[in-house]
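Those sequence lines, one after another, are chains A and B.
Sequential numbering from 1 applies to the first sequence in my numbering.
Sequential numbering from 1 applies to the second sequence in my numbering.
It is worth saying that the hints were derived from the structure and are not from the lab.
No copy is singled out in the list; a pair is fine if it fits within one copy or between any two copies.
Capping the alpha-carbon separation at 20 Å, the derived lysine to any residue pairs in SDA-like fashion look like this:
no.	residue 1	residue 2
1	LYS50	LYS103
2	LYS50	GLY73
3	LYS174	ALA202
There are 2 protein chains.
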Amino acid sequence: MTKKYQIVGIGNALVDVLAHADDSFLTENGIEKGIMQLIDMDRAVDLYRKIGPATEISGGSAANTIAGAAHLGGRTAYVGKVKDDQLGAIFAHDIRAQGVDYKTELAAADIEQETGRCIVLVSPCGERSMNTYLGATDFLHPDDIDVAMMANAEWVYLEGYRFDGPDSHEAFSKANKACIAAGGKISLTLSDPFCVERHRDAFRAMIKSDIDLLFCNRDEMLSMYQTDDFNAALAQAAAEVEIVACTDSDNGAHILSKGQRWHAPAVPTEIIDATGAGDLFAGAFLWGLTSGHDLETCGNMGCIAAAEVISHIGARCEVDLMALFQKHEFMAS
Amino acid sequence: MTKKYQIVGIGNALVDVLAHADDSFLTENGIEKGIMQLIDMDRAVDLYRKIGPATEISGGSAANTIAGAAHLGGRTAYVGKVKDDQLGAIFAHDIRAQGVDYKTELAAADIEQETGRCIVLVSPCGERSMNTYLGATDFLHPDDIDVAMMANAEWVYLEGYRFDGPDSHEAFSKANKACIAAGGKISLTLSDPFCVERHRDAFRAMIKSDIDLLFCNRDEMLSMYQTDDFNAALAQAAAEVEIVACTDSDNGAHILSKGQRWHAPAVPTEIIDATGAGDLFAGAFLWGLTSGHDLETCGNMGCIAAAEVISHIGARCEVDLMALFQKHEFMAS
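Whole structure, please, built from the sequences with the hints as guidance.
Given below as C-alpha cells:
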C-alpha cells in the first residue's frame with residue numbers, strides 16, 4: 001500500500017535573514033566563517049543592528065530539504081516549531097505554499113522567545129556564515145511528534161542540528177520508532193562538522209540503532225569517525241548503514257550501499273550563495289529514491305539541485321528542478 | 001552653507017512580499033496586472049494564503065528612492081510609519097543599514113493595523129502587480145513632520161501614493177513649507193496612473209504651488225494632463241515646474257527644463273522584476289542633481305540605476321551603482 005508521505009522531515013523551523021558581509025566584518029564580530037554558530041537573542045539583536053540591508057527567506061535545513069522534495073512533486077510533511085508572530089507566519093506560509101503538510105502546534109504565546117531565525121552572512125565568494133538564534137524552534141517536544149504521521153512515512157528525515165535541542169533526542173526516538181514499526185526507514189543529516197563535534201556519541205548511537213541512510217559532507221564524515229582518511233571513514237559509515245550519501249563540494253558526491261560505490265559529479269555553476277546546497281542535495285536524492293530511481297541517479301539529481309540553489313541567494317529552489325533533470329537526461333522530457 | 005541632507009523622502013513604509021504568479025492566477029484572483037491596487041487586511045490575508053513561497057525585502061516607493069541615493073553616498077533621511085512588530089523592525093533595520101537617517105515615531109501599539117506590506121506578484125515577463133495593505137503607514141500625521149529636518153533638506157521628495165492617506169496632504173504641506181522657507185526645493189513622483197486618477201486635482205494644485213521637479217512615467221504623464229499627446233503633456237508639465245523627469249520604459253527617459261529637452265537612453269537588461277525601476281531612477285537622478293551633475297547626466301544615471309534594479313528580484317539596488325556609473329563613463333574611475 002502506498003504511504004501517505006514519501007518523506008517527513010523534522011528540524012529547526014527558521015527564517016533566514018540574508019545579508020552580504022566581507023571577511024573583515026566577520027573577523028571584527030567574531031564570526032567563524034563557513035559554519036553554523038548558535039547565538040542568543042541579545043547577540044542576534046546586536047548582530048542584526050550591525051549588518052547591512054537584508055532579505056528574509058524561509059529556511060531551516062530540513063525544511064529546505066522537504067521544500068525541495070515537494071517542489072519535485074513529492075508527498076511530504078514537516079515538523080518544526082514557530083511562534084504566533086510575523087516571522088512564524090512567513091515560515092508556515094512558505095512551506096505550506098510549496099505543498100508540504102505542516103501542522104506543528106505553535107509555541108506557547110507566553111514564552112519570551114520569538115520565531116527562530118538564522119542571520120546568514122554571505123561572503124563575496126558565496127561562502128555563508130550562519131548565526132542561528134533558535135528561539136521557538138528549540139521548544140520542539142516529543143508531544144509534537146504525531147505517530148500516525150510517522151507511520152505513514154516511507155522515510156523520516158532528521159536534521160542533525162535539532163540534536164542541540166533539549167527534548168529533541170526523545171522526539172526523534174519517538175518518530176523513528178513509529179516509522180520503523182510501520183515498515184518505514186530513517187535518514188539523518190549530520191548538518192555541520194561542529195554539530196558532529198557536539199553530538200558525536202548521540203549520532204553514533206542513533207546511526208547504529210535506527211539510521212538507514214546517512215547524509216553528510218566530507219568534513220562531517222571525517223569529524224564523525226575522527227580520522228583524516230576519507231575513504232576509511234566512508235567505508236566505516238557504509239558498514240553501519242544501508243546507504244551513505246556524502247557530498248564533497250566541487251568533487252560532487254559519493255554514494256555507497258551494500259558494497260557498491262558510485263560517484264556523482266558536481267554540476268558547474270557560479271556560486272552566489274552556498275546556503276542550502278546540502279539541503280537540496282538531500283531533498284532531490286530522497287525524492288529520487290522514493291520515486292523509484294537508482295542510487296546513482298539519485299546522486300546526480302542531488303548534485304543538480306544543489307547547483308541550482310547555490311546559483312542564487314536563498315536556500316529554497318527557484319527554478320523548475322524537473323526541467324533541469326530532463327535537460328541533464330535523468331528524466332524523460 | 002551645506003545642508004545636512006541632500007534628499008529627505010516621505011512615503012509609505014512597506015515591506016515587499018515577492019512571489020511569482022502567472023497570468024491565470026492574476027485573473028482568477030481579480031488582480032489588475034502591472035499596477036498598484038490597495039487591499040484591506042482581510043484581502044491581504046486571503047491573497048497571502050493563495051500565493052506561492054515568497055521572499056520578504058524592504059520596499060516602499062520613496063524608501064527605495066532614498067535607499068538608492070544613500071547607496072550612492074548621498075546624505076538622506078526618510079519619513080514613513082511602521083508599527084513595533086517584526087516587519088516594522090525589518091523595515092527600520094534595512095533603511096538605517098543603508099545609511100538613511102530614519103526616526104519616524106512608531107505607530108501606536110494599540111492600533112489594530114500591522115506594519116504595511118505590498119504583495120508583489122511577479123509575472124514570467126518581469127511585470128509586477130502590486131497589492132498594498134497600507135496598515136500602519138496610513139497613520140503618518142503632520143506631527144510626524146520634523147520641520148527642522150525639512151529645513152535642513154536641499155530637496156524633499158514626496159511619494160504620490162501617500163496622497164491616499166487621510167492626513168498626508170497636510171503632512172506634505174507642512175514639509176514643503178518648512179523646506180521652501182529655508183531655500184530648499186520640492187520634488188514629487190506621481191507614482192502610478194491610477195494614483196493620478198485618484199488625486200489629479202490635489203497633484204495639480206501642489207505642482208503649481210510647490211513642486212520644482214516632477215518625476216513620472218509616460219502613462220502617469222498622460223493621465224495627469226488627460227491627453228493622448230505625450231509631447232503636449234510634457235510641454236504642459238515643463239511649463240509648470242522647473243524640471244520634468246519622465247521615464248518611458250524601454251525608450252529611456254525625457255528630461256525637460258527651462259525650454260531645453262534631453263533624452264537618456266534605456267540601458268538594455270534582462271527584466272527579472274520591474275519593481276523599483278522608477279524609484280531607483282529618481283534616487284540616482286536626485287543624487288546626481290545634488291552632487292553637481294548636469295540634467296542629462298542625471299537622466300543617464302537614473303536609467304543605469306533603473307536597469308540594475310530590474311535585473312533582480314527586489315526594489316533595492318544590489319550592486320555598486322557608482323561602479324556602474326564609472327563603467328558607463330558618467331563618473332571618473
